[in-house]
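To convert, note that position 51 of the sequence shown is 51 in the UniProt record's numbering; the numbers rise steadily by one, no gaps.
If you are wondering where the hints come from, they were derived from the structure by calculation, not from laboratory data. C-beta: ideal position from N, C-alpha, C; glycine also. Check before you lean on any hint, since a few could be wrong.
Said to hold, decoys possible - Distance windows between CB atoms, simulated: (1) P112 with R44: 28 to 38 Å; (2) L16 with Q133: 49 to 59 Å; (3) S108 with F45: 16 to 26 Å; (4) R24 with E82: 52 to 62 Å; (5) E167 with N137: 26 to 36 Å.
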Amino acid sequence: MAAEAQFHVLAVDDSLIDRMLIERLLKTSSFHVTAVDSGSKALRFLGLVEDEKRTEEPPTIALEANQDVEVNLIITDYCMPEMTGYDLLRKIKESKSLKDIPVVIMSSENVPSRINRCLEDGADEFFLKPVQQSDVNRLRPHLMKSKAKDEEEEQINNKRKETEEEEEEKHSPDKTRTKMEPQKVVN
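With the hints as constraints, model all of the structure from the sequences given.
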């Protein structure tokens, strides 16, 4: 199980008891866990900041430049005050930098329409509370998929960087070939 130690899970639940339970289950499976009690705190942790202006349009989200958080999976309660787990899911999936992070929604209410809506809008799993170890075990494939996607993106970025460097070398003057012409002095 040492391989899972590298995975970082953000757990979001307004209930202290549920938050402690999910945190304990995740740590038992050797995951690094950060637990917060609201969707807005989760967004801040992820480096997303809601626009303070309340207009008819949904709030915009901006990535803070100084934030560099590596989260491999987000597990959130559905029913929370102010921002539901569904709202959090939507904001994450709307973010260019975070949309590929797997999101799992959990709820004590078995409402098929709610479950379907979450899954259709990007949730990778929907767990009924109380979350059990067998549920946590179902997270591994999502984490592996997320890790493989991260590695693929890193390879693409490295290849792009190499190509850019090669292009720069082609277009920059070669200093070893350039000879200085003697200047004529005009009196």
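Right, here's what the structure says about each hint:
1. P112 with R44: 28 to 38 Å: holds, 32 Å
2. L16 with Q133: 49 to 59 Å: 20 Å Cβ-Cβ, so the 49 to 59 Å window is violated.
3. S108 with F45: 16 to 26 Å: Hint holds: Cβ distance 24 Å, inside 16 to 26 Å.
4. R24 with E82: 52 to 62 Å: Violated: the Cβ-Cβ distance is about 26 Å, outside 52 to 62 Å.
5. E167 with N137: 26 to 36 Å: Violated, since E167 and N137 (Cβ atoms, about 47 Å apart) do not stay within the stated range.
Violation of the numbered hints given earlier is confined to hints 2, 4 and 5; the remaining hints are satisfied by the structure.
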